[in-house]
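Engineer: Residues per chain, in single letters:
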Amino acid sequence: GESVGLHLPTLSVQEGDNSIINCAYSNSASDYFIWYKQESGKGPQFIIDIRSNMDKRQGQRVTVLLNKTVKHLSLQIAATQPGDSAVYFCAENIGGSNYKLTFGKGTLLTVNP
Amino acid sequence: NAGVTQTPKFRVLKTGQSMTLLCAQDMNHEYMYWYRQDPGMGLRLIHYSVGEGTTAKGEVPDGYNVSRLKKQNFLLGLESAAPSQTSVYFCASSYGLAGGSLETQYFGPGTRLLVL
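Here the protein sequences line up with chains A and B, keeping their order.
For reference, each letter of the first sequence is one residue, going 44 to 156 in this note's numbering.
For reference, each letter of the second sequence is one residue, going 52 to 167 in this note's numbering.
Since the hints were made in silico from the structure, they are not lab data.
No residue lacks a Cβ here, since even glycine has one placed at the ideal position from N, Cα and C.
Treat the hints with care, since some could be wrong.
Unchecked claim - Quick list of in silico lysine-lysine cross-link-like pairs, DSS-like style, CA-CA up to 27 Å:
| hint | chain 1 | residue 1 | chain 2 | residue 2 |
| --- | --- | --- | --- | --- |
| 1 | B | Lys-108 | B | Lys-60 |
| 2 | A | Lys-148 | B | Lys-108 |
| 3 | B | Lys-121 | A | Lys-85 |
| 4 | A | Lys-114 | A | Lys-148 |
| 5 | A | Lys-85 | B | Lys-65 |
| 6 | A | Lys-85 | B | Lys-60 |
| 7 | A | Lys-148 | A | Lys-99 |
| 8 | A | Lys-85 | B | Lys-122 |
| 9 | A | Lys-99 | A | Lys-111 |
| 10 | A | Lys-99 | A | Lys-114 |
| 11 | B | Lys-121 | B | Lys-108 |
| 12 | B | Lys-122 | B | Lys-60 |
| 13 | B | Lys-108 | B | Lys-122 |
| 14 | B | Lys-60 | B | Lys-121 |
| 15 | A | Lys-111 | A | Lys-148 |
| 16 | B | Lys-108 | B | Lys-65 |
| 17 | A | Lys-148 | B | Lys-60 |
| 18 | A | Lys-85 | B | Lys-108 |
| 19 | A | Lys-85 | A | Lys-148 |
What the hints assert, rightly or not - Below, a sample of chain A positions facing chain B; criterion: calculated Cβ distance under 7 Å:
| hint | residue |
| --- | --- |
| 20 | Gly-86 |
| 21 | Asn-136 |
| 22 | Leu-144 |
| 23 | Lys-148 |
Assemble the whole structure, with the sequences as input and the hints as a guide.
Structural biologist: Laid out in structure tokens, this is it:
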């Protein structure tokens with residue numbers, strides 16, 4: 044079956060730099076995407092979402108970009124802070140009434156002071 | 052609002068024992084989900100419910116049962132625990148008028164289960 048994947052399992056950045064976390068999806072029917080942040084020992088926390096009719100969506104210090112042509116999703120974090128250190132998951136919903144999500148395995152972001 | 056809560060936070064079982072994990076949400080969400088998270092495997096859906104009194108199988112349902120007798124609660128049962136069920140279990144809920152997109156799932160803090 045089709046699934047969500049991630050390009051990089053780990054990412055290390057310096058505090059203050061911008062971070063980019065990538066995600067590839069293969070299901071062309073996917074119409075909704077979410078980025079989650081999971082800190083050690085905690086549950087996934089919603090960061091930002093985007094629908095397939097959009098290319099870009101911005102939040103506070105975070106931006107999600109969607110490229111439907113190459114089925115690619117990215118999360119950009121501006122001015123990365125130590126508190127941003129966590130595992131980041133992308134998830135996709137292929138539509139339908141049960142709102143099930145398919146999750147990627149995650150990327151570990153480490154912010155060095 | 053407490054959001055999604057899970058009890059217990061941690062449990063150790065012996066092979067063959069049974070237990071029930073409780074998930075509660077106070078967001079009036081219609082849909083609830085149970086996932087397990089294992090190293091390198093990501094989140095895998097065990098069972099889900101689209102409303103009170105309804106349940107459905109997810110990706111990895113074997114060895115688990117669920118019940119949704121009340122809208123706010125979703126129970127996950129292990130009738131005869133096996134070491135392969137050692138994992139971190141997360142509950143999530145979605146589809147409500149509390150804000151956000153209908154598909155956005157909100158997660159609980161997790162239950163860490165060790166089966167010896």
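Engineer: State for each hint whether it applies.
Structural biologist: Tested hints:
1. B:Lys-108 x B:Lys-60: With Cα atoms ~24 Å apart, Lys-108 (chain B) and Lys-60 (chain B) stay inside 27 Å; holds.
2. A:Lys-148 x B:Lys-108: Judged against 27 Å, a Cα distance of about 21 Å means the pair holds.
3. B:Lys-121 x A:Lys-85: 26 Å, holds
4. A:Lys-114 x A:Lys-148: Given pair Lys-114 (chain A), Lys-148 (chain A) holds - Cα atoms ~17 Å apart, limit 27 Å.
5. A:Lys-85 x B:Lys-65: 25 Å, holds
6. A:Lys-85 x B:Lys-60: 11 Å, holds
7. A:Lys-148 x A:Lys-99: 23 Å, holds
8. A:Lys-85 x B:Lys-122: 24 Å, holds
9. A:Lys-99 x A:Lys-111: OK: Lys-99 (chain A) and Lys-111 (chain A) at ~11 Å, within 27 Å.
10. A:Lys-99 x A:Lys-114: 14 Å, holds
11. B:Lys-121 x B:Lys-108: 18 Å, holds
12. B:Lys-122 x B:Lys-60: Holds, because 22 Å separates the two Cα atoms, which is no more than 27 Å.
13. B:Lys-108 x B:Lys-122: 18 Å, holds
14. B:Lys-60 x B:Lys-121: Holds, at roughly 21 Å.
15. A:Lys-111 x A:Lys-148: 21 Å, holds
16. B:Lys-108 x B:Lys-65: Holds - the C-alpha atoms of Lys-65 (chain B) and Lys-108 (chain B) are around 25 Å apart, at most 27 Å.
17. A:Lys-148 x B:Lys-60: Roughly 23 Å between the alpha carbons, so the hint for Lys-148 (chain A) and Lys-60 (chain B) holds.
18. A:Lys-85 x B:Lys-108: 25 Å, holds
19. A:Lys-85 x A:Lys-148: 16 Å, holds
20. Gly-86: OK, holds: Gly-86 (chain A) within 7 Å of chain B, min 4 Å.
21. Asn-136: This interface hint holds because 5 Å falls under the 7 Å limit.
22. Leu-144: 6 Å, holds
23. Lys-148: Where the cut-off is 7 Å and the nearest Cβ of chain B is about 4 Å from Lys-148 (chain A), the hint holds.
Figure legend: structure checked against the earlier numbered hints; every hint is met.
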